[in-house]
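Novice: Take a look at the letters that make up each chain.
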Amino acid sequence: MEGSDTTQSLAGEKVFPRAGLREWVKEKIFLGMSPREYARSLVTPFNIVAALIILAGLPLIGLRFARGLGAVTNASNVQPWGLFLAWGLFSGVPLSASGFVLGMVVYLFGLKRYHPVVNNAILIGFVGYFFAVVFLLIDLGRPWRIYYPIMISFGPASVLFLVGWHVFLYLSCQFLEFCPTIFGWAGTERLRRRAQAMTIGLTIFGVILSTLHQSALGAMFLLMPGKVHPLWYSPYLPVFFLTSAIAAGICMVIVVSALVHRLFKGRRDPHWTEKLNELTLGMGKAVAFVLFTYFGLKIIGIAHGNHWDLLGTSWGYWFLTELLAFVLLPCLLFVIAVQKKNVALVRFGALLTIIGVIINRLNVSLITFDWNLPHRELFNWKEFMIVVTIVTIEILVYRWIIKRMPVTPEHPEYKVDY
Amino acid sequence: MDRPISRRGFLKGVLGSAVGGSLLGRPVQAMAANLAKRPDHYGILSDLTRCIGCRRCEAACNKANNLPPPEVPFDDKSVFEKERRPDAGAYTVVNRYEDPKTGQPVYVKRQCMHCEEPACVSACIVGALKKTPEGPVIWDGDVCIGCRYCMSACPFSIPAFEYFNPTSPRIQKCFMCYQRLSEGELPACVAECPTEALTFGRRSELLELAHERIRKDPDKYIDHIYGEHEAGGTDWLYISGVPFEELGFPTDLLTTPYPELTHGFLSFVPIVLVAWPALFGGIYLMSKGREKESETETIGENEREES
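Residue numbers (our numbering), protein chains in the order written: chain A, 342 to 759; chain B, 2 to 308.
Just so you know, not all the hints are guaranteed correct.
Once the Cα atoms are required to be at most 25 Å apart in a straight line, the calculated DSS-like pairs of lysine-lysine come out as [unchecked claim]: (1) Lys626/A to Lys367/A; (2) Lys289/B to Lys453/A; (3) Lys453/A to Lys217/B.
Just a sample of chain B residues kept apart from chain A, beta carbon distances all over 12 Å, derived [as the list claims (entries may be wrong)]: (4) Glu163; (5) Glu186; (6) Asp218; (7) His230; (8) Arg291.
I should point out that these hints are in silico values taken from the structure, not numbers from a laboratory. Quantities reported herein were computed from a predicted structural model and do not represent experimental measurements. Ideal placement from N, C-alpha and C gives every residue a C-beta, glycine not left out.
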């Protein structure tokens, strides 16, 4: 279908060989292989494991829709949110801040040398938001009403209302931001240029939306002073969430770019290979600044609530673990790595940072939630299995796109023309 | 009615407004609505010194709201061995505690507190939960999407969810028999109570009554009306002879209304919406300008070199 559309709209433009739809599909979808060759190429150890995970997970997702949320989760009337939101929304969205941060740096601040990673950053963001919505669809009691806050009934005094609107708008925004890459892949040059022309506007829009909803995810917990542990609860939660999301977004670009570089050798071009090390060091430097700021803010948070005494409790040790091992340590690692030009160390620091942000979001939304109740179960294996399944699908979707579209290697003809 | 702006009227206004507008200006308006004088809601005063733990309120509630039959019959006192909480099948439950001084049983009926300014209402993404001008906090099943933010927002952890209902799970809690109220009847539990442990009336009158009882019999009561200030004030009030912390009541609550906790953030939203395009647009133009400048400089230098 895509192919025929393209052929029509591009009459006269020389985009792909005129051999027709079949050739186009072979080239663009089957990576230049015949369907049989392609099917054979799919049988890899990774794919087999992924298939097994998905086969195990799908029945559980079916069970959720057949018997209700209670059949697959440990959610209760006092612990209404489980792993689906703690992972899918509260952790997934900050990890997807990559698109807005890199877009802002490259297109608005004019640091064009980061252009080689910006498309990948936008793709990571887009896929992340898309799957945050998938998690929402699994978690909502009545998922078919997911559009209600947008079209049917409004709760404007709710922070969640803001989050809902923004995730919806930002998902659309990121799709449009990614369109130049899609059209570049499809070979529709005129459309690609038109999409490219929107970049600056979309980037500014994305920065507005991201500033607001990344912080709004933290603001959601402002309503729960007695439920979130005082070490994690703070009136500064919105600022904490926004700052750490910026760090997480950049670190996702560092780590995922490194993985793509290693795993998909066919997706390198000279530009990418040459520059990646240098860019990784540059991004490491930026994250060091962000993490240092975040560390300072967290200390201010403790001082503001005067919770120093709580640091000596077992919750305090857990808090210090999060703060020292996953914020301060990577911050120092980045400083050392940048000085010694040690790219591998930057990547390790980035991985620590990502884990740290996930731990933080799980702490706020799940682990410390209702911490003073005597008996709590955080999540069960079915819930966990569904999360693993969705994440596996997420990785497969990302890989499908990265193997086909000009995300990491820039199209030679389209370099820096914004 | 000569009441000031009600929340319902406010919400109606919002529903009628354009989508874009509702994104921009509403949070500030919500604040203004809260600053308006509160109407004198209906409420219920629960006098724990009078409750005998007969559980007839539970039975009446069950019948009035067509709830599923209980696992343990309502006349079975064995339920008191475990502390219970309201859930999707029971809007209210009575728990038994012990007076630490006398060893006598103290019975506490738990249900939605019907906050004056409810956290759940401010949390609801679709405005399904509403504070009626009469007082009850009600829920609209036609728009609820089942996000359960009301549950995590409630400082009393009251709203319950039908976790095993895959097609139309409801948020369940006491609605102060809103239907019966609008037909001029008392809430079912109040009508049924044989010892007048529950009194229905205007909140201001109930507070007066509570103060009077405490004043008249200071040995019998502790000097605390639970709900007068908790969570910014609730329409359900309690007086007791035993300190509330001994009776499973949350006592670490704020005395400011919970929705105020997010007001500061929400009022920041329009500022970002207006200021960020200018700020980041400006940054873009500056970086673009600098780029052009350096380009012309380079060109100029090249020309000089050539000549």
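Novice: Which numbered hints does this structure break?
Specialist: Numbers 1, 3, 4 and 8 - these are the hints that the structure violates, sorted from lowest upward.
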